[in-house]
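Peer 1: One letter stands for each residue in the lines below.
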Amino acid sequence: MKRIPLPLWVTSILLYVFLYAPIVVVIVYSFNAARHGGPWRGFTTRWYATLLDSPDKLAAARNTLELGLASTAVSTLLGTGLGFGLARYRFPGKKLFSWLMYVPVVIPDIVMAVAMLMFYALMREWLGLFELGMTTMIFAHVTFQVPFVAIVVRSRMVGMDPAIEEAAHDLGASSLQAFVRVTLPMILPAVVAGAMLAFTLSLDDFVVSFFTTGPGASTLPILIYSSVKRGITPDINALSTLIVLVSVAGTVAVALLQRSPRAQRGEK
Amino acid sequence: MVADASPAPAPGPAAGQREARRRAIADGAPAIEVEGLVRRFGDFTALDAIDLSIREGEFFSLLGPSGCGKTTLLRIIGGLDVADGGVVRIAGQDARTIPAHRRPVNTVFQSYALFPHLDVRDNVAFGLRMKKVPEKEVRTRVERTLELLQIGGFIDRKPSQLSGGQKQRVALARALVNEPKVLLLDEPLGALDLKLRKELQVELLSLQRRLGITFVFVTHDQEEALVMSDRIAVMRAGRIEQMGEAEAIYERPRNRYVGQFLGEVNLVEGRAERRGAGDLLVQTALGALRVETRPGDPAREGALTLAIRPEKVRIATDGAPGENRIRATVEQVIYIGAESHYRLRAGEIPFTAYAMNASAGAKEIEEGQPLLLELPPAALKVLED
Amino acid sequence: MAARTRRPEIRFGEHLTWAGEIARSALTSGPAIAWVSTFLLLPVLGIAFISFLSRGTYGEIQLPMTAGNYLRLAGFGVLGFDPQYPVIILRSLVLAAGTTVVCLVASFPLAFFIAGLAGRAKQIALTLVVIPFWTNLLIRTYAWQLLLGPDSLAARAAVAVGLAEEGMPLYPSALAVYLGMLCAYLPFMVLPLYTAVEKIDWAIAEAASDLGADGVRVFRHALLPQVMPGMVAGVILVFIPATGQFVIPDLLGGAKTVLLGNAIQQQFGASRDWPFGSAIALVGMAVVLFGLWFQARAGARTGEEGPL
Numbered sequence: 003m004k005r006i007p008l009p010l011w012v013t014s015i016l017l018y019v020f021l022y023a024p025i026v027v028v029i030v031y032s033f034n035a036a037r038h039g040g041p042w043r044g045f046t047t048r049w050y051a052t053l054l055d056s057p058d059k060l061a062a063a064r065n066t067l068e069l070g071l072a073s074t075a076v077s078t079l080l081g082t083g084l085g086f087g088l089a090r091y092r093f094p095g096k097k098l099f100s101w102l103m104y105v106p107v108v109i110p111d112i113v114m115a116v117a118m119l120m121f122y123a124l125m126r127e128w129l130g131l132f133e134l135g136m137t138t139m140i141f142a143h144v145t146f147q148v149p150f151v152a153i154v155v156r157s158r159m160v161g162m163d164p165a166i167e168e169a170a171h172d173l174g175a176s177s178l179q180a181f182v183r184v185t186l187p188m189i190l191p192a193v194v195a196g197a198m199l200a201f202t203l204s205l206d207d208f209v210v211s212f213f214t215t216g217p218g219a220s221t222l223p224i225l226i227y228s229s230v231k232r233g234i235t236p237d238i239n240a241l242s243t244l245i246v247l248v249s250v251a252g253t254v255a256v257a258l259l260q261r262s263p264r265a266q267r268g269e270k
Numbered sequence: 101m102v103a104d105a106s107p108a109p110a111p112g113p114a115a116g117q118r119e120a121r122r123r124a125i126a127d128g129a130p131a132i133e134v135e136g137l138v139r140r141f142g143d144f145t146a147l148d149a150i151d152l153s154i155r156e157g158e159f160f161s162l163l164g165p166s167g168c169g170k171t172t173l174l175r176i177i178g179g180l181d182v183a184d185g186g187v188v189r190i191a192g193q194d195a196r197t198i199p200a201h202r203r204p205v206n207t208v209f210q211s212y213a214l215f216p217h218l219d220v221r222d223n224v225a226f227g228l229r230m231k232k233v234p235e236k237e238v239r240t241r242v243e244r245t246l247e248l249l250q251i252g253g254f255i256d257r258k259p260s261q262l263s264g265g266q267k268q269r270v271a272l273a274r275a276l277v278n279e280p281k282v283l284l285l286d287e288p289l290g291a292l293d294l295k296l297r298k299e300l301q302v303e304l305l306s307l308q309r310r311l312g313i314t315f316v317f318v319t320h321d322q323e324e325a326l327v328m329s330d331r332i333a334v335m336r337a338g339r340i341e342q343m344g345e346a347e348a349i350y351e352r353p354r355n356r357y358v359g360q361f362l363g364e365v366n367l368v369e370g371r372a373e374r375r376g377a378g379d380l381l382v383q384t385a386l387g388a389l390r391v392e393t394r395p396g397d398p399a400r401e402g403a404l405t406l407a408i409r410p411e412k413v414r415i416a417t418d419g420a421p422g423e424n425r426i427r428a429t430v431e432q433v434i435y436i437g438a439e440s441h442y443r444l445r446a447g448e449i450p451f452t453a454y455a456m457n458a459s460a461g462a463k464e465i466e467e468g469q470p471l472l473l474e475l476p477p478a479a480l481k482v483l484e485d
Numbered sequence: 407m408a409a410r411t412r413r414p415e416i417r418f419g420e421h422l423t424w425a426g427e428i429a430r431s432a433l434t435s436g437p438a439i440a441w442v443s444t445f446l447l448l449p450v451l452g453i454a455f456i457s458f459l460s461r462g463t464y465g466e467i468q469l470p471m472t473a474g475n476y477l478r479l480a481g482f483g484v485l486g487f488d489p490q491y492p493v494i495i496l497r498s499l500v501l502a503a504g505t506t507v508v509c510l511v512a513s514f515p516l517a518f519f520i521a522g523l524a525g526r527a528k529q530i531a532l533t534l535v536v537i538p539f540w541t542n543l544l545i546r547t548y549a550w551q552l553l554l555g556p557d558s559l560a561a562r563a564a565v566a567v568g569l570a571e572e573g574m575p576l577y578p579s580a581l582a583v584y585l586g587m588l589c590a591y592l593p594f595m596v597l598p599l600y601t602a603v604e605k606i607d608w609a610i611a612e613a614a615s616d617l618g619a620d621g622v623r624v625f626r627h628a629l630l631p632q633v634m635p636g637m638v639a640g641v642i643l644v645f646i647p648a649t650g651q652f653v654i655p656d657l658l659g660g661a662k663t664v665l666l667g668n669a670i671q672q673q674f675g676a677s678r679d680w681p682f683g684s685a686i687a688l689v690g691m692a693v694v695l696f697g698l699w700f701q702a703r704a705g706a707r708t709g710e711e712g713p714l
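Protein chains in written order, with my numbering: chain F, 3 to 270; chain G, 101 to 485; chain L, 407 to 714.
Calculated from the structure, these hints are not laboratory results. Any given hint could be a false lead.
Under 7 Å between C-beta atoms, here's a sample of chain F residues computed to sit facing chain L [said to hold, decoys possible]: (1) 24; (2) 29; (3) 31; (4) 34; (5) 91; (6) 93; (7) 110.
Listed next, the stretches of chain L that the computed footprint assigns to chain F, with coverage defined by at least 3 CB atoms under 8 Å from CB atoms of chain F [as the list claims (entries may be wrong)]: (8) 446–454; (9) 472–480; (10) 488–502; (11) 551–560; (12) 586–593; (13) 618–628; (14) 638–647.
Treat the numbers as computed from the prediction; the structure is a model and nothing was measured. Here a beta-carbon is modelled for each residue, glycine too, at the ideal position from N, C-alpha and C.
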């Protein structure tokens, strides 16, 4: 491989610093003893302690987790099916639908949030369903998670040697047997990676949650936003740090997971 | 289509064995029959009305360059593709309605296609387990097959821990353990280095002899086909150009394509002048050449092409003119250890001749030297085109 | 030569009739397509419809149908020409474009840097880019408030250079918004660009310089075409969401910098003019469709399939 010239090293390091500056500053300030933000006034962990005392934050954490798990479960199922189906089968309108499935990936959060809000409002008018709350948020999250899971699963399927499935059939497996015994185990790492991606997207979401939430269904991002708008309370830094650490752990875990399938495919 | 060219009588003790084998195979039942098989991909015709019959116990090779249809034909036989027209019969039974997973054939893939999430044991056992063979029997058969292929020690490894040659053996074991009626092999040695390839060629050959299973082997390597096969079908652009025993195809190629695909061949244009009971006189730019004809040779009038293999071109050391002798000049001498290849020119016509370096006088030939070449009438063949 | 009426397809060894394939597609892709269509695509059509309706006195949606909302967006308000919304739209597009350009410029060195590393180092460098991508945007944006606060390093540096007043934070400001946007969208651009750079066939560049081309020409003719698909993907992934970005201008831009995202939020919040808000949202949607169409066109030229 080419050797990297010094200016490129320097530029890249600076860019990495730029990317991580916000994350680092939040973590640092979460230990800042200053009461209203501002300059450093000594090290303390008491903001973390106060988190445990605030029922609204604990409730929000519980909601966020519930929301994440429920939406991930549904979207992983749907997204895996979509990824598999798009990789394997052809049907009329497939190209159009593929592009339509990509819309949730690029659409600005707020356009999606508003559209869903409208939809829920209409459903409430006509069918009396969809009071804003946990359910509406879960449904909304699933909607933007599905394409991401599908992308991960599909790219794994496309990268698979088609001869492997042919070998399964050649050796006597029916379509179902081949799927269960050969295809599924092989795409499992991708499914898991997709699920973790979906979970993280749910955890991080603010705009869509904000518009589709209802009473008692506040999530951590919504809570953080309200706090920030009202004025900085230092325990927000502690909360944010925890959330960031969870994301980092998840990302690293997925990165480690993504390495084993490559080895399994026997790349030499 | 092409009839099997009758082979030249072979001298020596091996002839007895080969004759016996040939007769046993010819007496056997057909394992695979293909009639009028057609396969098209859009505008491209991959198979153009293929007919062939592969007999039980035969090692049959499909030989040709990329895109000639050999792999397509193999896949259709295996049930991994379906023809647009024509019939495929496996052991006498029409296979068109039988899906791949129920055919009594197994395939060894070019990329081995081992299941990466299963170890060697489970890979090889896969087919048996699909057939619900009792576990005890599965274990015995798996171990026996792995021993046969000399990889018993790898039974607990995963494919990612195996070398190319080892993976190949596992792929073979996985197919053979099911005792299929026919084994289909799609360029299985293509990804291996030369030395390993040659080792495995010999092993595959003796394996086939031992097991007696019909092998259908796809390759683009003519040497490989010649080494291993009972019969070869040389393919081009969806058709079988010539089919027959290795010797027959090599010694008596039907046309330019087959001649040039299997090794090197010298071509001489000429006109048919006089036809006798077993020979033909052909006028060429090099003079009149007498050609010994055989039944089944193309009966051409007028302009035709003659072919002769370089190793059959004799260098006449006595210098006397005679039948089928021509003058040539040595342009290039290429030394290849056991043999030397001579690039010559007879008038306008380029010629290649091979000689074993151990034979008398071979090593004294130099570039620029004039030579007298003899083209034995029995070695000349009239080509169809 | 027996002919069969319905010749089955065989793909990957499976035998599929046309009907069977449709059935399997329905079983596998069907649920997801149905879901996304119901919960997103249909609603988008819904707001398209609503954008042509009017607002009642108490904020309810009612007929008559009118194109008034769109006229207002184009600047033709009820009381004459009002540039407020055209300006907002323009400002959003400019911001998105600017962010995209800056991201592109910053991503190239990063992409080549990561591609130039070997083995473990490359994995680590890549993961380091991915981590911020997966970290909560709200938190990272709020962190810029800390970074640009009155006592922060940045503020003090600015004061020292004379660009700011003592004790004043560096936000809300256009600069803050740009910084926030860049930080948010850089990973979106780096990842697809890196994927393309990773696949570059350097032999082409070597051949070009071998034939006498200088650095610039090598880049333009040998490297750029190869990374183009990655660039296009990255541009789409940044530009489209950036036009509708709401949180960043909200936290770092304040009242001075109203963008599409804020405008939409206003109409669905305080102002309760859902038809008008829908119209604005539709402008955002139009950008999405344009971007997808553009990507499809660019992809078709290089022979790529869709992203999904």
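Peer 1: Looking back at the hints listed earlier, which ones does the structure fail to meet?
Peer 2: 2, 4, 9, 10 and 13
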